[in-house]
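Letter by letter, the chains look like this.
Protein chains: 2
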Amino acid sequence: MSRPTIAGVASAAGVSVASVSRVLNGLPATAEMVERVQRAVEDLGYVPDSRARSLKVGRTFQLTLAVADVGNPVYVTMMRAVEEVVSAAGYRLVVTTTGPEVVDEVALVRGMARGYADGLVISPLRVDDDLIKSIRECDVPVVVAGNVPAKAGVDTVRANSPKGVALAVEHLLAKGRDRIAFVNGPVDTVPGAARAKGFADATKHYNLKAAGAIEAADFTFAAGRAAGKQLFKKSRPSAVICANDLLAVGVMHELAAYGLQVPAEVAVIGMDDSELAEQSFPPLTSVNLGSAERGRRAAELLLARIEDDTRTPRRIVVQPTLSVRRSTP
Amino acid sequence: MSRPTIAGVASAAGVSVASVSRVLNGLPATAEMVERVQRAVEDLGYVPDSRARSLKVGRTFQLTLAVADVGNPVYVTMMRAVEEVVSAAGYRLVVTTTGPEVVDEVALVRGMARGYADGLVISPLRVDDDLIKSIRECDVPVVVAGNVPAKAGVDTVRANSPKGVALAVEHLLAKGRDRIAFVNGPVDTVPGAARAKGFADATKHYNLKAAGAIEAADFTFAAGRAAGKQLFKKSRPSAVICANDLLAVGVMHELAAYGLQVPAEVAVIGMDDSELAEQSFPPLTSVNLGSAERGRRAAELLLARIEDDTRTPRRIVVQPTLSVRRSTP
DNA sequence: GTCTGCGCTGTAAACGATTACAAGAACGAT
DNA sequence: ATCGTTCTTGTAATCGTTTACAGCGCAGAC
Chain U
2 MSRPTIAGVA
12 SAAGVSVASV
22 SRVLNGLPAT
32 AEMVERVQRA
42 VEDLGYVPDS
52 RARSLKVGRT
62 FQLTLAVADV
72 GNPVYVTMMR
82 AVEEVVSAAG
92 YRLVVTTTGP
102 EVVDEVALVR
112 GMARGYADGL
122 VISPLRVDDD
132 LIKSIRECDV
142 PVVVAGNVPA
152 KAGVDTVRAN
162 SPKGVALAVE
172 HLLAKGRDRI
182 AFVNGPVDTV
192 PGAARAKGFA
202 DATKHYNLKA
212 AGAIEAADFT
222 FAAGRAAGKQ
232 LFKKSRPSAV
242 ICANDLLAVG
252 VMHELAAYGL
262 QVPAEVAVIG
272 MDDSELAEQS
282 FPPLTSVNLG
292 SAERGRRAAE
302 LLLARIEDDT
312 RTPRRIVVQP
322 TLSVRRSTP
Chain R
2 MSRPTIAGVA
12 SAAGVSVASV
22 SRVLNGLPAT
32 AEMVERVQRA
42 VEDLGYVPDS
52 RARSLKVGRT
62 FQLTLAVADV
72 GNPVYVTMMR
82 AVEEVVSAAG
92 YRLVVTTTGP
102 EVVDEVALVR
112 GMARGYADGL
122 VISPLRVDDD
132 LIKSIRECDV
142 PVVVAGNVPA
152 KAGVDTVRAN
162 SPKGVALAVE
172 HLLAKGRDRI
182 AFVNGPVDTV
192 PGAARAKGFA
202 DATKHYNLKA
212 AGAIEAADFT
222 FAAGRAAGKQ
232 LFKKSRPSAV
242 ICANDLLAVG
252 VMHELAAYGL
262 QVPAEVAVIG
272 MDDSELAEQS
282 FPPLTSVNLG
292 SAERGRRAAE
302 LLLARIEDDT
312 RTPRRIVVQP
322 TLSVRRSTP
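For the protein sequence lines, the chains are U and R, in the order given. Those letters in the first sequence? Residues 2 to 330, by the numbering used here. Those letters in the second sequence? Residues 2 to 330, by the numbering used here.
Since the hints were derived computationally from the structure, they do not count as laboratory data. Every value quoted in this text rests on a predicted model; they were computed, and no experiment measured them. C-beta atoms are modelled at their ideal positions from N, C-alpha and C, and glycine is treated no differently. One or more of the hints may lead you astray.
[Said to hold, decoys possible] Facing chain U, according to a computed beta carbon distance under 7 Å, are these residues of chain R, among others:
1) Arg4
2) Leu56
3) Arg115
4) Asp140
5) Gln280
[Unchecked claim] Which residues of chain R face chain U? A few of them, derived with a C-beta cut under 8 Å, are:
6) Arg52
7) Ser55
8) Val95
9) Thr97
10) Gln320
11) Leu323
[To be verified] Across the chosen pairs, the derived CB separations fall in these ranges:
12) U:Arg312 / R:Gln231: 51 to 59 Å
13) U:Gln39 / R:Lys152: 29 to 37 Å
14) R:Gly177 / U:Ala265: 27 to 35 Å
15) R:Ala90 / U:Asp202: 46 to 54 Å
16) R:Val325 / U:Val318: 41 to 49 Å
17) R:Tyr259 / U:Gln320: 33 to 41 Å
Make a model of the complete structure from these sequences and hints.
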């Protein structure tokens with residue numbers, strides 16, 4: 002036998018479907034009506050069909066969070082924060098993963114028009130005009146966790162990577178480490194570009210001597226190892242700043258392979274201050290780019306826009322702090 | 002203006018809604034019809050509403066994966082495997098998170114009846130009769146990645162934890178480490194219970210001398226640290242087996258705090274062989290419980306059951322292997 | 001006793017797609 | 001020229017809800 006529908010409940014309770022619906026949605030009804038409906042619901046094990054409901058009311062009460070790589074620990078921080086906010090507001094959160102390619106992201110945003118969810122928080126790795134266009138044209142609210150041009154006119158909440166890199170550099174200089182290498186992720190990504198700018202700014206501002214800069218293939222552990230290998234082949238920096246924690250951990254492994262002590266001989270700083278930073282050994286000094294707060298704010302922005310689609314887009318930037326651990330002196 | 006519906010497309014193209022639907026679903030139509038419909042679709046930027054579609058056809062073409070803790074790296078392995086299989090079959094995968102409590106899991110399974118997705122892979126931390134009942138009564142297919150009693154009559158894919166623990170013990174004994182401590186997660190969880198049994202079996206079978214056994218508060222890094230602290234306060238094992246990689250990494254941190262060398266003085270073995278095992282330092286020897294394969298098989302089982310709901314439930318068990326790294330001699 | 005107003009409840013029309021069925025067109029065979 | 005096939009297209013019912021609207025009963029005011 003297939004699932005009971007509201008009509009089945011109605012006939013079992015001897016009332017109309019409208020009354021069942023009203024009772025289920027807490028609209029006024031006599032005590033006897035409530036009683037009869039609830040009994041029938043109980044008896045039949047009725048559960049309302051969310052597809053039909055959301056077709057009618059035009060909302061799914063689901064929100065989507067899209068991330069590029071589930072293996073990147075920064076996303077678990079963000080995911081937790083988003084989850085907390087949206088579930089408090091009565092929404093379910095579903096997480097999907099886009100590939101690293103911008104076309105995947107565009108496809109996802111376009112797909113939202115099918116009505117899978119009432120809103121989307123997306124943290125795109127790469128951004129192009131197509132993506133921005135698809136976000137602006139999207140029928141459901143989208144907020145971007147990441148950096149997109151102000152003229153795009155979309156709600157965003159982003160980190161201040163350049164400031165973050167500066168914090169790392171200052172910390173190292175204060176400890177007397179002035180031969181600072183930089184291991185970035187791909188610069189054709191949003192975070193890669195921001196961090197490249199940050200390091201370039203810092204290089205100029207603090208008049209850093211060149212000590213090596215590498216662009217890793219992606220933001221993964223394996224790429225970090227490869228980058229480390231390449232880096233230490235030709236230079237001996239006294240410190241390495243990495244564009245995220247996975248890269249940093251990869252680099253630390255390579256340092257160990259070279260027999261170099263962290264932090265005694267080489268200091269290492271990661272970015273994101275993810276759980277991995279705490280778990281790595283030695284525990285990793287890392288720039289906290291506020292992923293939890295960004296997640297929270299992004300979720301709040303999304304809820305606010307669902308509430309009122311006419312508000313002017315906001316651009317929130319959250320400031321970094323440095324979590325000092327034992328990978329720096 | 003709001004999104005165009007199929008009726009809008011039909012009138013724009015000067016054809017009937019049925020024809021539009023047919024063209025969109027690739028049913029036979031004349032070239033001219035196809036042309037007109039596609040032009041109208043293009044012009045209006047029409048995207049079919051998946052809610053309406055799934056209400057009618059009774060399927061959402063979405064599958065759900067539910068995990069207890071997104072912070073546990075074992076799930077990323079599993080998630081990747083599941084994603085690969087289901088997307089190849091034309092489904093979208095959405096991931097949700099249950100809390101650690103069994104009531105959350107039950108609520109999730111019950112909620113599936115609302116028709117959010119066509120199937121569910123759940124990896125429950127705790128299992129009780131309510132959960133099993135809810136799974137059996139669930140209107141959509143559910144496969145459990147984890148151990149539930151055979152009499153439950155549900156599709157399951159599970160690891161062989163006892164065998165896994167045995168592999169770890171054998172490896173340690175072969176290296177001459179016979180004072181083996183065991184750091185488990187909560188034994189009221191499914192994996193906790195299985196691993197406890199494994200260690201008890203091994204203790205008996207290999208006649209291990211008691212070297213300490215701790216039950217951590219949960220399967221997290223922090224709990225691993227706490228457990229390590231407690232353990233080393235009273236005993237000096239020559240090896241520690243941990244119920245998962247997060248616990249193992251926590252224990253290694255605590256060993257470092259005590260100034261004990263890994264693996265020279267104390268060997269450490271984790272379980273799950275997650276990405277963290279490779280990333281930790283020293284890289285962690287870990288029992289590979291086949292999370293990727295379990296994910297893959299679970300997804301396949303789910304697809305098969307969606308295909309044919311009458312097939313008798315299968316119980317697949319995947320065998321462990323040991324990934325030896327540098328945390329053991 | 002009649003009338004007004006209020007509060008419940010039921011009937012039926014949506015929401016936006018798919019699809020069974022019927023009708024019309026085109027075409028070949030007789 | 002007629003008939004029967006086949007192929008394409010349109011009409012309308014349907015999926016399971018919510019909700020506008022109308023109807024009905026009952027209480028209170030005159």
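Earlier hints that do not hold, by number:
10 and 11
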